[in-house]
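Trainee: If you want the building blocks of each chain, they are given just below.
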Amino acid sequence: MNRFILLFLVILVSLFTLELQTPVQKAVIEPFTALLAKVSAALILPFDDSVIAYGKILQFGPGGFAVSIEAGCNGVEATIVLISAVLAFPATWLQKASAIVIGFFAIQVMNIARIISLFYLGDWNMDVFSWFHLYLWPVLIMIDVLLVFILYLRYLSRQPARELAAA
Amino acid sequence: MNSPQPEPNGTRQFLLFCLPLLVICFALWGVLGHLVAMPAIGFADYIMVNWMPELVTEFTFDPEGRGALLVSSLGEYNGRMVPVGDEGGNLAFIVNTMGQSYSLPFYTALYFATPREHYAGSYFRGCLFLYVLLTLGLVSVCLKDLMINLGPEFRAQDVAMLPSNSVIAVVYQLNALIIPTLGPAVIWVWQSRDTPVLRGLLPVELNTEET
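Here the protein sequences line up with chains A and B, keeping their order. Residue 26 in the numbering used here is what sits at position 26 of the first sequence, and the numbering runs on without skipping anything. To get the numbering used here, take the position in the second sequence, counting from 1, and add 167.
These are computed hints drawn from the structure, not numbers from a lab. Note that the coordinates shown come from a computational prediction; the quantities given were computed from them, not determined experimentally. Hints are supplied without guarantee of correctness; some may be wrong.
[Said to hold, decoys possible] Label pairs and their computed distance ranges (CB to CB):
{"id": "1", "chain 1": "A", "residue 1": "VAL101", "chain 2": "B", "residue 2": "LEU186", "range": "37 to 45 Å"}
{"id": "2", "chain 1": "A", "residue 1": "ILE5", "chain 2": "B", "residue 2": "SER331", "range": "26 to 34 Å"}
{"id": "3", "chain 1": "B", "residue 1": "ARG292", "chain 2": "A", "residue 2": "LEU94", "range": "34 to 42 Å"}
{"id": "4", "chain 1": "B", "residue 1": "ARG292", "chain 2": "A", "residue 2": "LEU6", "range": "49 to 57 Å"}
{"id": "5", "chain 1": "A", "residue 1": "SER130", "chain 2": "B", "residue 2": "PRO220", "range": "47 to 55 Å"}
Think of the CB as a built atom: it goes at the ideal place given N, C-alpha and C, for glycine as much as any other residue.
The following block holds chain A by itself, in its conformation from the complex (with noise of 0.2 Å):
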């Protein structure tokens, strides 16, 4: 457990070290912001017509409400502390690879719905906005990640030993 702990920690900070550089941001992180933006976008335009994106914006119409989706709105931080922890565990490298490729597919799903869900709170109410943008989105996408991880052990849990020894 404490290596687990010592490992996961040093992966996490120079991960997060390496998501912040300049030139990661402007290749990885903002390309991937835009296109979670157009995602939101694809799925809210068919159902309502009043809705406008451009770039990483989703508008109420003209002068209407809008949010813009930055970077800690991405749920990249939620991934890299995923893929912390599972680097860290041991396991084999496909079992590793197979939880990380899952799990960014679930936190993203998480990530879609409270993008979309906060665009028409803040239309609805500022301060409720504030409250589920601030303070509950990022706890359900940390139990998000951490639902991924318990039931990725759970996984390794049921194979047989010799894989995790092999590991």
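We have chain A already, so just place chain B on it with the hints.
Mentor: Below, chain B alone, put in the same frame as chain A:
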């Protein structure tokens, strides 16, 4: 040595209790507001005032309840930063403590959703750890606010062991984006490592490794 038998419904009970407890804990935390962070504000005040008296006069609870008030030792006169005394009053910045303290209701919900034999003692130890993280988080927010709002004056003062702007930025981002949710989760995992919930999840070999 035999490993303890995992309790089959421990995980289910945890998942069942976690969400309702989250709602209750966040409601209580919302009622208490910035008061929750008061001990951490006191510790952060001690650190900031003793570390950089040239920059910080006090870090205190905002009497109007908007959070904490970071009172700098500098004032502004005709667009210039000047030492407080002759001209104008201290520049002060409001810090939203709830952006850090929501770790407490999150931890409380995780902790009490987990079936365990004894509750009180380790819960208070966990809160103590979180208050340490909360204090460090508030210090990082103060450093970021001073760096951004005081501009060149921030570096012009004689402050020992002042981190570089990049370090302040990374530490602040870490405290804003990751620590308030990760801190409680890590403390919960550590404190729950011997509970049926986590024991049942760990692969067998690792489970018996430390027994």
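Trainee: All the hints need checking, so say for each whether the structure fits it.
Mentor: For each hint, the structure was consulted:
1. At about 27 Å, the beta-carbon gap between VAL101/A and LEU186/B misses the expected band of 37 to 45 Å.
2. ILE5/A and SER331/B have their C-beta atoms about 28 Å apart, which keeps the hinted 26 to 34 Å range intact.
3. Evaluation of the 34 to 42 Å hint for ARG292/B and LEU94/A yields a pass: the beta carbon distance comes to about 39 Å.
4. Taking the beta carbon of each, ARG292/B and LEU6/A are about 20 Å apart, not inside 49 to 57 Å as hinted.
5. Our hint of 47 to 55 Å for SER130/A and PRO220/B is violated, since their Cβ atoms are close to 34 Å apart.
Figure legend: structure checked against the earlier numbered hints; hints not met, in rising order: 1, 4 and 5.
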